[in-house]
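Protein chains in written order, with this note's numbering: chain A, 13 to 255; chain B, 1151 to 1414; chain C, 49 to 303.
Since the hints were made in silico from the structure, they are not lab data. Hints should not be assumed to be uniformly reliable.
Stated by the list, open to error - Here's a subset of chain B near chain C, in silico, CB distances under 7 Å, partners left out:
(1) GLN1173
(2) LEU1181
(3) HIS1182
(4) LEU1186
(5) CYS1249
(6) THR1252
(7) ARG1290
(8) GLU1291
(9) TRP1360
(10) ARG1362
(11) ASP1385
(12) GLY1386
(13) ALA1389
(14) ARG1412
(15) PHE1414
Unchecked claim - Covered stretches of chain A (chain B as the covering partner; in silico rule of three or more C-beta atoms under 8 Å from a C-beta of chain B):
(16) 100 to 111
(17) 148 to 161
(18) 199 to 205
To be verified - No farther apart than 20 Å at their CA atoms in a straight line, the calculated lysine to aspartate or glutamate pairs in the EDC-like style are these:
(19) C:LYS194 / B:GLU1243
(20) A:LYS21 / B:ASP1385
(21) A:LYS140 / A:GLU165
(22) A:LYS246 / A:GLU182
(23) B:LYS1410 / B:GLU1243
(24) C:LYS194 / C:ASP223
From a predicted model like this one, the values you see are computed outputs, not experimental measurements. In this text, a Cβ means the ideal position worked out from N, Cα and C, and glycines have one as well.
Spelled out from the first residue to the last, the chains are:
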Amino acid sequence: MSSSAANFKLRVVLLPLLLWLPAAWALRPLEQRLAAPQVQRAQFDRLGGNGLIGMLGGMRAAVASGLWLRTHRAWEQQDAAGTKTLLQLTVAADERPLYFWLNGARMLACDIPTWSGAPDQPEVVRRKAVRDGMAEAQAFLKEGLRAHPESAEILIEMANLQLRAGGDRETAAALFRCAAGQPGAPHYAARIHGELLRELGRPEEALAWLREILPGLPADVPSACRGVVEQRIKALEAELGEK
Amino acid sequence: MAADIQTFGYRDSGRRVALVARQTLAEALRLHLAGLFVVLGIASVLMVLWLREFNFGAGELKFIADFGLGATGLLGMLLSALATAQLFFDDLESGFAACVLTKTVRRWEYLAGRLAGVMALLALFVAGQALVLGIMISVREAQVGAAFVPLAVFLQATALVWLKVSLVAAMTLLVCSYAGSALFAAWAGLMLAAVAHLRSFTDQASWLGWLRIWPNLGLFDVDPLLSSGHGLTWDGLLALGAYWLAFTVLFTGLAAYVFKRREF
Amino acid sequence: MSGSHEWAVELAAFGKSYAGGWTETRRWAVADISLRLAAGQVLGLCGPNGSGKSTTLKAMAGLVTPTRGDVLIFGAIAGSPAARTRVGYLSESVRFPTRQTGRELLRYCAGLAGVPARQVEGRAAAALDWAGLGAAADCRLAVYSKGMRQRLGLAQAIVHEPSVVLLDEPASGLDPEGRLALVALIRDLARQGRAVVFSSHLLAQAESLCDRIALLGGGRLLAEGTPAELLGAVRPAPPASSPLEKLYLEKIRGR
């Protein structure tokens, strides 16, 4: 026996819809309070068919994790093109995990440039590959900053790449300064900014900066290295002849 | 003859709903479907054992949790839609629903009981998967020497998965009240769940604005909890619970309205 | 045992039509049926397939809404709360969940029918004993024969002691012995003062069992009355069983 609704009634179709619409509208303020992050259209376009079912199944994180695994496999196999493509797909699937951006940037900057070319490659070619890798990594991290505008970790990674690549301490110092100003930034970011100012031959600025951050460094947190900062201040004061 | 029979007292509604829920859970557990999904779920969680070669420290633990809870969520949605539709139409097509619905049980009580039974099934499924996943993460924590999120946060994440798949069951129940077959109802329920995941894109394309009448299943995403290591605040928990309850009651109420007018 | 109204079941110009969609024309499954049945009487709805028997029974059970006319159970509209407390229904060819036992099923049905919790066990056991299923109460329904499942269907229909019992093709698929057992149970229901309405296309069975018979054809009431009224002043002798049926029963019982 079946119980199909043999008697079609328009009100049975329309009335629920008419009740659903205002109810959903009434719940909008509550939904906005809960504020789920929006997925960017560009990410969706990039992802294409890959993992689409997973995305629609609510498995964004799992799809991205699966793509990250494949990226790792390509990295193991030293497949440069595969690693780069899969890295882009991974962050397109889910831009939220920071470790995709940080580890991806390290792959682009430090690993991929060493895969290309023969062992007897001329030095100039090797250096160009390293510079190109760094540039790609920086571009990748800039994209990460769009998804995580307040991320101290991404800024610090960009700064480290600058130092590693060509020793551009000016840019690195600016990046560490920016990172130190982000919520939840590690204490060392501020300390390294001061150190870089000193190395750049700007001891007055370094001293002023270190004096500014010292009150905010907790004494009971080893990673804050309050003692190290106090020593630096004393050294700078001595260097500048201050008491 | 019928003098001492309880009539339509609403104080007995709870008892009738509980009876139908218990019956539904018993039938659901006897379905091979539930067993199949449990096996699939455990297999997908255990699959991460081969990740042992990928030692990327604390990030690996998050990956295991992402993958495990994601698979639980996806399989949970499939189970939710299939079980709701199958159990609903089994009774209808066998004629047993007609025998039951001529008794004093109200149609909304019957539907609420069916939904409660499916939710209980989903709770068992999600809890089972989470237990296996939790054990694996604990073991791996010790092996990689990294700490993952606190237990309370992990349990909250598991609860969010259950809330999400339960909402899919309520959506499928609404379809069942209209539909003529279990297959159609299950597919439609899954499509509704997919649409509810598209809510994340409504701001990107104006033509998708009409999606706003759907519940936003993206709100039940566990990634913010697992990434930050912090659970929801009391305020957030209450708000999310209220959101879930509002849509569940809405869908069940609409299903009851339609089902009340359904003829056999 | 009966309500304050005289008639246990009353149909007044009952009609039911269906229209599947916007483009389908309305089709009358049942048109203009008027019937009355008192408590303690048995009414047989007889007619070929598609004559409207099941639709009429479902209207009495409150499973379909009349398009026209009224269907009343002790004066209350069929399907209303007051009517549903007094009705027990068995649908045609029902398939109960096979992994349950008979006792579990009856407990479930009794609970849903509003039997107080403390009485559920007793009522379920009594209904099973009445249906001759006491010994098989704790066996899974998968092992029940067709006859046993039909009797279980009867048991679930009366577990809450309704005043009106509606049975849709209860003898469908039963062997002669099963039919005899079913007839005995239906007679017992009438003896207890319940009004019983059942549908059947086995005219010989209806003739011997029913106090009133309604002949349906094409959704219309062709004739209605007692067997004597329908067949004339002289009620013919009950037809003898066919020789084969007689032999069959002798062999089975003599086992």
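Hint check results:
1. GLN1173: This hint holds: B:GLN1173 lies near chain C, its Cβ roughly 5 Å from the closest one there, short of 7 Å.
2. LEU1181: Not OK, violated: B:LEU1181 not within 7 Å of chain C, min 10 Å.
3. HIS1182: Hint violated; B:HIS1182 Cβ to chain C Cβ min 11 Å, cut 7 Å.
4. LEU1186: The hint is violated - B:LEU1186 has no Cβ within 7 Å of chain C, the shortest such distance being about 17 Å.
5. CYS1249: holds (6 Å)
6. THR1252: Holds - the Cβ of B:THR1252 comes within 7 Å of chain C, reaching about 4 Å at its closest.
7. ARG1290: Constraint on B:ARG1290 not satisfied, violated at 39 Å.
8. GLU1291: It is violated, given that the least Cβ distance between B:GLU1291 and chain C is near 41 Å, above 7 Å.
9. TRP1360: Since the shortest Cβ distance to chain C is 24 Å, the answer is violated.
10. ARG1362: Since the shortest Cβ distance to chain C is 29 Å, the answer is violated.
11. ASP1385: violated (40 Å)
12. GLY1386: Check failed: Cβ of B:GLY1386 comes no nearer than 39 Å to chain C, outside 7 Å.
13. ALA1389: Check failed: Cβ of B:ALA1389 comes no nearer than 36 Å to chain C, outside 7 Å.
14. ARG1412: violated (9 Å)
15. PHE1414: holds (4 Å)
16. 100 to 111: Result for this restraint: holds, n = 5.
17. 148 to 161: violated (count 0)
18. 199 to 205: As far as the segment 199 to 205 of chain A goes, the hint is violated, because 0 residues have Cβ atoms under 8 Å from chain B.
19. C:LYS194 / B:GLU1243: holds (18 Å)
20. A:LYS21 / B:ASP1385: Judged against 20 Å, a Cα distance of about 43 Å means the pair is violated.
21. A:LYS140 / A:GLU165: violated (27 Å)
22. A:LYS246 / A:GLU182: violated (24 Å)
23. B:LYS1410 / B:GLU1243: Holds, at roughly 17 Å.
24. C:LYS194 / C:ASP223: holds (9 Å)
Hint compliance for this structure: hints 2, 3, 4, 7, 8, 9, 10, 11, 12, 13, 14, 17, 18, 20, 21 and 22 are not met, and every other hint is.
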